[in-house]
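*Asks:* Going line by line, the protein sequences match chains A and B.
Numbering of the first sequence is given in this note's numbering, commencing with residue 3 and proceeding in unit increments.
Numbering of the second sequence is given in this note's numbering, commencing with residue 67 and proceeding in unit increments.
Hints are computed from structural coordinates only; laboratory data are not their basis.
For each residue, glycine too, the CB sits at the ideal point set by N, CA and C.
Heads up, a few of these hints could be off.
[As the list claims (entries may be wrong)] Distance ranges between label pairs, derived from CB positions:
#1 B/386 with A/221: 53 to 61 Å
#2 A/346 with B/144: 25 to 33 Å
#3 B/143 with A/52: 42 to 50 Å
#4 B/223 with A/269: 48 to 56 Å
[Unchecked claim] Computed list of lysine to aspartate or glutamate pairs in EDC-like fashion (alpha-carbon distance at most 20 Å, straight line):
#5 B/147 with A/12
#6 B/124 with B/183
#7 B/187 with B/127
#8 A/55 with A/69
#9 B/436 with B/225
#10 B/436 with B/284
#11 B/347 with B/300
#12 B/280 with B/112
#13 B/299 with B/110
#14 A/270 with B/465
#15 B/472 with A/12
#16 B/347 with A/382
#17 B/257 with B/269
#18 B/472 with A/268
#19 B/191 with B/300
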Amino acid sequence: MTLRLEVPTDFGFTEEHSLLRGEVRRFLGERLPIAELRRQVDAGTRLDRGLWKEIAQLGWVGLVLPERFGGAGLGWLHLAILMEEMGRHLAPGPFLGSLLAGIALERAGDDAQRERWLPAIAGGETIATLALVEPGGAFEADAIAATADPVDGGFVLRGRKTHVVGGADAALVVAAFREPSGRASLFVVEGPAAGVSIEDEVSIDPTRPTARVAFDGVRVGADARLAGDGATALAETLVRGCAALAAEQVGGAESVLQITRQYAIDRKQFDRQIGFFQAVKYPIVDMMCGVELARSLACGAAAALDAGTPSADVHARMAKALAGDVYAQAVRKGVQLHGGYGFTWDCDVHLYFRRALWSRPMLGDAIHHRRRLAGALFGDGDA
Amino acid sequence: MARPEEETESRENAEFRRQARAWIQANQPADPGFKLPQSFLEVESEQQFTYLREWQRKVYDAGYLGLDWPSEYGGHSDPHKRQRIVSQELNRAGAPFMVNVIGLQWAGPTILAYGTEEQKKKYLKNILSGEDIWCQGFSEPGAGSDLAGLQATATPNGDGWIVTGHKVWTTLAHFAKWMILLARTDQSAHKYAGISYFLFPMDAPGVTVQPLVKMTGEGGFNQVIFDQAPMPKDALLGQLGQGWQIAMTTLTFERGAAEGTGGGSATPTAESVRAVASLAKRMRRDGRPAADDPVIRDRLVQLWIDEEALRLTGQRARVAGLNADDRPLATRLMNKLVYSELGQRMTEFACEVLGPDAGLWLGDPSAPDKAEWPRAYMNSFGVTIGGGTSEVQRNIIGERVLGLPKTK
Numbered sequence: 003m004t005l006r007l008e009v010p011t012d013f014g015f016t017e018e019h020s021l022l023r024g025e026v027r028r029f030l031g032e033r034l035p036i037a038e039l040r041r042q043v044d045a046g047t048r049l050d051r052g053l054w055k056e057i058a059q060l061g062w063v064g065l066v067l068p069e070r071f072g073g074a075g076l077g078w079l080h081l082a083i084l085m086e087e088m089g090r091h092l093a094p095g096p097f098l099g100s101l102l103a104g105i106a107l108e109r110a111g112d113d114a115q116r117e118r119w120l121p122a123i124a125g126g127e128t129i130a131t132l133a134l135v136e137p138g139g140a141f142e143a144d145a146i147a148a149t150a151d152p153v154d155g156g157f158v159l160r161g162r163k164t165h166v167v168g169g170a171d172a173a174l175v176v177a178a179f180r181e182p183s184g185r186a187s188l189f190v191v192e193g194p195a196a197g198v199s200i201e202d203e204v205s206i207d208p209t210r211p212t213a214r215v216a217f218d219g220v221r222v223g224a225d226a227r228l229a230g231d232g233a234t235a236l237a238e239t240l241v242r243g244c245a246a247l248a249a250e251q252v253g254g255a256e257s258v259l260q261i262t263r264q265y266a267i268d269r270k271q272f273d274r275q276i277g278f279f280q281a282v283k284y285p286i287v288d289m290m291c292g293v294e295l296a297r298s299l300a301c302g303a304a305a306a307l308d309a310g311t312p313s314a315d316v317h318a319r320m321a322k323a324l325a326g327d328v329y330a331q332a333v334r335k336g337v338q339l340h341g342g343y344g345f346t347w348d349c350d351v352h353l354y355f356r357r358a359l360w361s362r363p364m365l366g367d368a369i370h371h372r373r374r375l376a377g378a379l380f381g382d383g384d385a
Numbered sequence: 067m068a069r070p071e072e073e074t075e076s077r078e079n080a081e082f083r084r085q086a087r088a089w090i091q092a093n094q095p096a097d098p099g100f101k102l103p104q105s106f107l108e109v110e111s112e113q114q115f116t117y118l119r120e121w122q123r124k125v126y127d128a129g130y131l132g133l134d135w136p137s138e139y140g141g142h143s144d145p146h147k148r149q150r151i152v153s154q155e156l157n158r159a160g161a162p163f164m165v166n167v168i169g170l171q172w173a174g175p176t177i178l179a180y181g182t183e184e185q186k187k188k189y190l191k192n193i194l195s196g197e198d199i200w201c202q203g204f205s206e207p208g209a210g211s212d213l214a215g216l217q218a219t220a221t222p223n224g225d226g227w228i229v230t231g232h233k234v235w236t237t238l239a240h241f242a243k244w245m246i247l248l249a250r251t252d253q254s255a256h257k258y259a260g261i262s263y264f265l266f267p268m269d270a271p272g273v274t275v276q277p278l279v280k281m282t283g284e285g286g287f288n289q290v291i292f293d294q295a296p297m298p299k300d301a302l303l304g305q306l307g308q309g310w311q312i313a314m315t316t317l318t319f320e321r322g323a324a325e326g327t328g329g330g331s332a333t334p335t336a337e338s339v340r341a342v343a344s345l346a347k348r349m350r351r352d353g354r355p356a357a358d359d360p361v362i363r364d365r366l367v368q369l370w371i372d373e374e375a376l377r378l379t380g381q382r383a384r385v386a387g388l389n390a391d392d393r394p395l396a397t398r399l400m401n402k403l404v405y406s407e408l409g410q411r412m413t414e415f416a417c418e419v420l421g422p423d424a425g426l427w428l429g430d431p432s433a434p435d436k437a438e439w440p441r442a443y444m445n446s447f448g449v450t451i452g453g454g455t456s457e458v459q460r461n462i463i464g465e466r467v468l469g470l471p472k473t474k
């Protein structure tokens with residue numbers, strides 16, 4: 003097979019992208035300094051409705067959704083920039099769920115379905131989520147066990163989904179179910195619906211609450227089934243989700259790099275700044291190299307999606323694989339290089355540590371994506 | 067296989083790329099039947115050297131070298147800066163490297179930056195054509211990573227200078243007509259301030275070139291002894307005492323951290339993962355193709371991801387808005403460190419793919435790919451050590467890019 007890895011020479015970067023980055027930075031810098039995030043974590047805040055409303059008004063939730071469905075109609079590189087900045091700030095709340103649900107709905111829905119649900123998702127009035135992972139960890143279309151059985155004028159849904167982002171706050175859930183024909187389809191379930199039970203999980207990352215969602219014979223209408231092929235739409239959503247999540251991981255790893263770098267300059271031992279010692283300096287340099295490499299793939303995947311090049315799925319898997327590992331390495335070294343302080347609740351690094359641990363397997367970890375990429379490299383399978 | 071750059075470039079550049087590719091295909095020299103060096107670090111024989119120099123001359127005569135250099139010095143003043151495209155196509159075709167690498171990539175751009183009009187006119191065209199081969203006299207037995215500790219001296223004598231000292235790791239010195247030379251011109255000045263930069267004629271009396279043997283057993287690598295060797299007044303490049311600053315410019319080119327070289331490429335990087343993938347399909351492990359082994363597959367994909375990430379980082383380095391505001395140089399300065407270590411991991415992994423055949427060396431009739439892989443693995447240390455070791459690179463990035471406290 004011929005494998006083409008193509009990204010536009012300039013990544014399609016324009017002044018518009020700079021403006022968005024500036025706007026996001028300004029807002030998050032003022033609204034969400036680390037002290038405010040810690041206040042929310044300590045208070046056990048699951049959903050800051052004020053913050054959610056502001057983010058929705060800025061157009062971020064519908065950033066990549068078409069304008070005619072209430073979105074901002076911007077591209078994937080815009081989203082990568084937004085996600086990177088949000089990752090730096092560990093932006094809390096149900097954003098990722100609404101983002102993925104919106105993408106899945108846009109991919110799989112017909113115009114009537116898009117018209118019906120997307121504007122409220124883009125505007126933030128409806129908090130939505132994509133229930134992706136099943137018990138056992140499977141999330142790609144070929145492994146879905148949840149079922150949709152046709153009944154008069156609709157379907158009955160059965161199955162369980164876990165690690166559902168913002169599940170307890172979501173008024174709309176998009177999820178994949180397998181029909182008797184074997185075909186996977188995406189369904190929209192609007193809550194509260196009979197037979198749906200949602201139970202909070204204790205997320206390792208308090209800034210990203212998750213839930214278990216059970217569908218015990220949930221009756222939905224025929225129009226709850228999104229029109230497009232579920233497997234295709236899910237795959238397209240995963241590619242876009244991987245690109246976005248990779249960018250968020252790059253942002254998080256960048257923050258850990260900055261925090262650790264500053265500590266190596268401020269902290270003194272043996273009458274010297276500890277960053278003088280090469281045993282401290284070199285891991286920080288390697289952290290930076292990792293962040294820059296992962297950033298190139300995250301931007302590359304987004305630019306390939308914008309340009310519609312066929313290698314976007316390869317780049318997205320590469321980006322998610324590398325960014326997940328780079329983030330994990332950054333928090334591991336980040337804690338270690340802070341010494342005893344790094345082991346405390348007071349040191350901010352553990353907040354990123356939690357996000358890194360949470361997001362690494364989400365939408366597939368490096369082991370998962372590398373197995374799929376091997377087929378493309380050796381020419382004996384698809385990515 | 068992949069043609070990463072072509073699809074998204076301008077029609078004009080894409081057409082240029084097609085022309086270059088066609089020309090290389092039609093003119094690439096045949097396998098000479100004798101062992102070719104893997105890189106410019108091991109050009110041993112007159113036979114190898116002549117073969118490579120003729121190839122460079124041919125590429126230059128066809129108009130594919132010096133594109134980015136001014137036409138008054140033998141270049142083409144190409145407004146589109148398309149030398150990069152030629153280098154990519156040469157790599158892709160697996161064409162022999164440009165033997166005058168030190169002239170094209172290090173000495174030439176440095177002379178362009180600091181030379182007088184006369185120096186530019188005198189040296190640059192012959193660098194491109196391969197007429198004058200260059201070598202580099204920076205390192206000394208006692209001054210490797212601590213380059214500024216160098217002890218060679220240039221003493222004023224009448225209308226010129228007298229050089230005394232000892233340089234090592236001087237690749238191509240046995241074929242070179244000129245050397246970029248760092249020598250101390252002021253013993254009383256500060257370590258860095260007392261160094262000057264010279265363009266030294268290798269045919270001067272008092273110069274002895276002795277071969278050093280690399281860990282692969284190959285030569286091509288030398289030491290040069292200067293015993294009261296004279297050079298003329300105009301051998302000085304830039305100002306007296308400006309040597310350290312100019313040397314840093316040379317090293318920036320050497321490490322691939324700046325654009326504007328005369329062409330060619332110092333290290334093979336393109337498509338190396340694909341070469342190892344092809345090797346894995348040919349080698350067997352436990353009675354099956356090594357390419358079926360899930361561990362082999364996973365490890366090679368890791369290297370593939372890193373290779374593609376590095377390629378895109380080079381591309382992103384040219385898009386200012388996608389580089390961190392507080393460290394705009396990061397993506398350029400990390401290049402040498404990352405590509406040299408990646409090349410080392412890649413060739414070491416290829417030796418693992420070889421299985422027991424990794425134990426077969428140059429000359430064994432059964433050695434897969436004529437033992438190029440273990441040879442390449444050994445040669446990869448020339449890249450992680452030469453031009454500033456990986457350790458020196460980490461110091462530079464830590465201090466200059468991240469602002470960490472200085473080690474020295």
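*Asks:* Each of the hints needs a verdict: does it hold here or not?
*Replies:* Now for the hints, and whether the structure bears them out:
1. Separation of residue 386 of chain B from residue 221 of chain A is about 56 Å and conforms to the stated range, judged on CB atoms against 53 to 61 Å.
2. A hinted range of 25 to 33 Å for the beta carbons of residue 346 of chain A and residue 144 of chain B is inconsistent with their spacing of about 58 Å.
3. Hint check: residue 143 of chain B to residue 52 of chain A, Cβ distance near 60 Å, so the stated range 42 to 50 Å is violated.
4. In this structure the hint that residue 223 of chain B and residue 269 of chain A lie 48 to 56 Å apart at CB holds, the actual value being about 54 Å.
5. Restraint check for residue 147 of chain B and residue 12 of chain A: the C-alpha separation of about 15 Å stays at or below 20 Å, so the hint holds.
6. Between residue 124 of chain B and residue 183 of chain B the CA atoms are separated by roughly 27 Å; this puts the pair beyond 20 Å, and the hint is violated.
7. Of the supplied pair hints, the one linking residue 187 of chain B and residue 127 of chain B holds, its CA atoms being roughly 18 Å apart against a limit of 20 Å.
8. Pair hint residue 55 of chain A plus residue 69 of chain A holds up; C-alpha atoms about 19 Å apart against a cutoff of 20 Å.
9. At roughly 53 Å between alpha-carbon atoms, residue 436 of chain B and residue 225 of chain B are farther apart than 20 Å, so this suggested pair is violated.
10. The hinted pair formed by residue 436 of chain B and residue 284 of chain B meets the criterion: a straight-line CA distance of about 15 Å does not exceed 20 Å.
11. At most 20 Å may separate the alpha-carbon atoms for a hinted pair to count; residue 347 of chain B and residue 300 of chain B exceed this at roughly 57 Å.
12. The hinted pair formed by residue 280 of chain B and residue 112 of chain B meets the criterion: a straight-line CA distance of about 18 Å does not exceed 20 Å.
13. As the CA atoms of residue 299 of chain B and residue 110 of chain B are separated by approximately 33 Å, the hinted pair breaks the 20 Å bound.
14. Our distance criterion of 20 Å between C-alpha atoms is met by residue 270 of chain A and residue 465 of chain B, whose separation comes to about 17 Å.
15. Between residue 472 of chain B and residue 12 of chain A, the direct Cα distance comes to roughly 35 Å. Violation of the 20 Å bound is thereby established for this hinted pair.
16. For the given pair, residue 347 of chain B sits about 11 Å from residue 382 of chain A by alpha-carbon distance, which is consistent with the 20 Å threshold.
17. A hinted pair counts as satisfied when its Cα atoms are at most 20 Å apart, and residue 257 of chain B with residue 269 of chain B does not qualify at roughly 29 Å.
18. Annotation: proposed proximity of residue 472 of chain B to residue 268 of chain A holds, straight-line Cα distance about 14 Å (limit 20 Å).
19. About 18 Å separates the Cα atoms of residue 191 of chain B and residue 300 of chain B, which keeps this hinted pair within 20 Å; it holds.
Of the hints listed earlier, those the structure fails to meet are numbers 2, 3, 6, 9, 11, 13, 15 and 17, in rising order.
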